[in-house]
Amino acid sequence: MSSASRSRRPAPTTAPPAAEPRSSPAPAAAPETRPREKRPFLLDFFPLDTPDQTRLSAFYDRLRTGHLSTTRCPKDRSLHWPPRTACPDCHTEELDWVDLPELGKIYAFSAVLGGAPLGMESEVPFAVGLVDLDGAPLRLFGRIEGRPWNELRIGQAVRVETYDIGDGRYFYRFRVRD
Amino acid sequence: MSVRSVALVGGVTTKFGVRPATWSELAQEVGAALFRAVPDLRAEEVDSLFVGAAEPERFAFQSHVAPLAAEQMGLRPTHIIQRTELACASGQSAIRSAYAAIASGLSEVAVAVGVEKMNLPSMAEASTAMGCVMDRPWDGPHGATAPPFFAMVAQRHQLEHGTTDEQMAAVSEKNHRFANANPTAQFYEKKFSREKLLHLPLVAPPLRLGDCSSMTDGAAAVVLVAEERARQFTDTPAWIRGTGQYSNFHNLAHAGSLTDWVGLRHAAREAFGRAGIGPNDLDFAEVHDCFTISEIIEYEMFGWCPPGQGGRFAADGQGDIGGKLVVNPRGGLLGCGHPLGATGVAQAVEVLQQFQARVPPARAVPDPEWALVHNLSGSANVHSVMIYQRGGAG
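Protein chains in written order, with this note's numbering: chain A, 192 to 369; chain B, 953 to 1346.
No lab work stands behind these hints: they were computed from the structure.
Among these hints, one or two may not hold up.
What the hints assert, rightly or not - Simulated pairs of lysine to aspartate or glutamate, DMTMM-like, Cα-Cα distance not exceeding 25 Å:
| id | chain 1 | residue 1 | chain 2 | residue 2 |
| --- | --- | --- | --- | --- |
| 1 | A | K296 | B | D1087 |
| 2 | A | K266 | A | D325 |
| 3 | B | K967 | B | D992 |
| 4 | A | K296 | B | E1112 |
| 5 | A | K296 | B | E977 |
Said to hold, decoys possible - Listed next, the stretches of chain B that the computed footprint assigns to chain A, with coverage defined by at least 3 CB atoms under 8 Å from CB atoms of chain A:
| id | stretch |
| --- | --- |
| 6 | 1148 to 1156 |
| 7 | 1327 to 1333 |
Using N, Cα and C, we set each Cβ at its ideal position, and we do this for glycine too.
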């Protein structure tokens, strides 16, 4: 799984270790060292990812090491998306973290050619799609990079990519495989 | 608890469009218009107010809008006052809540109002507000808003069923033509031929500008009463005979088939079951054409045509006057605009006006008795349906 950076802000020079399943202590995050943008929370789609803000900070820590992961229920083995703090079926709150497959195929796609939300205007046009992950019963929505939108096709192979959104926080997207 | 019948006895819609008016001013305007349209309505007998408003916090920087709307409209509800929020179906939610309140005996006379102010100086801020309808921390950061989602729906429908851009344009042409006979519509004075629609700019391929409903300011209000009070207001009320609703996912990962709207089939089955009629008994329907592809799939899910044949149904004029049933004679969301909280209420106003034969001939449904109103919300993950019967003879 590749990890890329955008150039708006420097990426952290050292990435924290991947979080272990929930029973392990979460790795220490250091939000005060990150040069965050001044966008107000209520105008920023990207989530606050630190342990003081979310019980899913391990997800973001794992993104930082290049791994897209989610939770799985140890009782009924159901795989969740997005990751959860409680199983929607049996309601246990003791869940395992598992890495998701790196490869997938486009199920449907389109592109945003106008009317993008705040902070995304400069990225127009950008492609988005639903991707069936290889070997996992999940179809995830996300950005698709690596080709102009009008060169994408249904069934095209993509790989998961994690990236620094520009202020030290990490997120995930898809990139067309060469 | 016995359930009693509930009638819709009056209603009104403001001009929809890019309005030089604030949220509160739109509420005042629709209140004044309501009392003019329903002269027998006395403010002091309105015991309950339900306010459909999707995102006043985002679009108007305003919460606690139910008492604000009451004050703007000159109402002092004594029984129930609340806002209903269900994104694009917030207006129908207000009506459903008023219906439940009256049917259960908690209310005698209720007003359901929908208000939305969507046009902001910054289009990006308005798009940000729309993006919040999705699962914000998961789908939002990718740039998920309604157009790219429904574009994927259209792409899959084209792939699976051979639906064409021309068939989608047929939906838009019909609804814009009806809107040309509706002075409250945002596009009342704008003509759109199929040829013109097919050459408008792409918004989210394959959807072009004419395939998408717009950002709209507007308000609408209706009066609902218990059955014993209906005659006080009109000889031709619209009786609520059935309603249904279904929610089956939120995060886009759980959408499943993009073209088989399971939730709509469930909601329709519940509503038809309660009303004791079937899809072929309807004379017209106000359905949620937020995008052209939505109306095409709705033809199929309601059972007016076989699955996959919605595009052909549109191109053949089966949803037009003279077709199988008239769909969106008001002009739809495509022609009227889509002020989120107001849309569902404005559709109900159309039902009443069609029943009372108070619409221009160009969009008049001949002698209607049964009508259906449908709203989807978000990424078509929730469907809300109501069925009305014209009162009068009995």
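TODO: Measure nothing beyond the straight line between the CA atoms of K296/A and D1087/B; if it is 25 Å or shorter, mark the hint as holding.
DONE: holds (22 Å)
Task: Pair hint K296/A and E1112/B, alpha-carbon separation not exceeding 25 Å - done: Cα-Cα ~17 Å, so holds.
TODO: Would you check the hint for K967/B and D992/B, treating anything up to 25 Å between C-alpha atoms as holding?
DONE: holds (23 Å)
Open item on the list: Just to be careful, I want the Cα atoms of K266/A and D325/A compared with a cutoff of 25 Å; is the pair within it?
Closed with: holds (24 Å)
- [ ] For the pair we were handed, K296/A and E977/B, check the Cα-Cα distance against 25 Å.
- [x] violated (50 Å)
TODO: Count the residues of the stretch 1148 to 1156 of chain B whose CB lies closer than 8 Å to any CB of chain A, then report whether that count reaches three.
DONE: holds (count 4)
Task: Coverage assertion for the stretch 1327 to 1333 of chain B with respect to chain A, Cβ distance below 8 Å, three residues required - done: violated (count 0)
Violated hints, in rising order: 5 and 7; the structure is consistent with all others.
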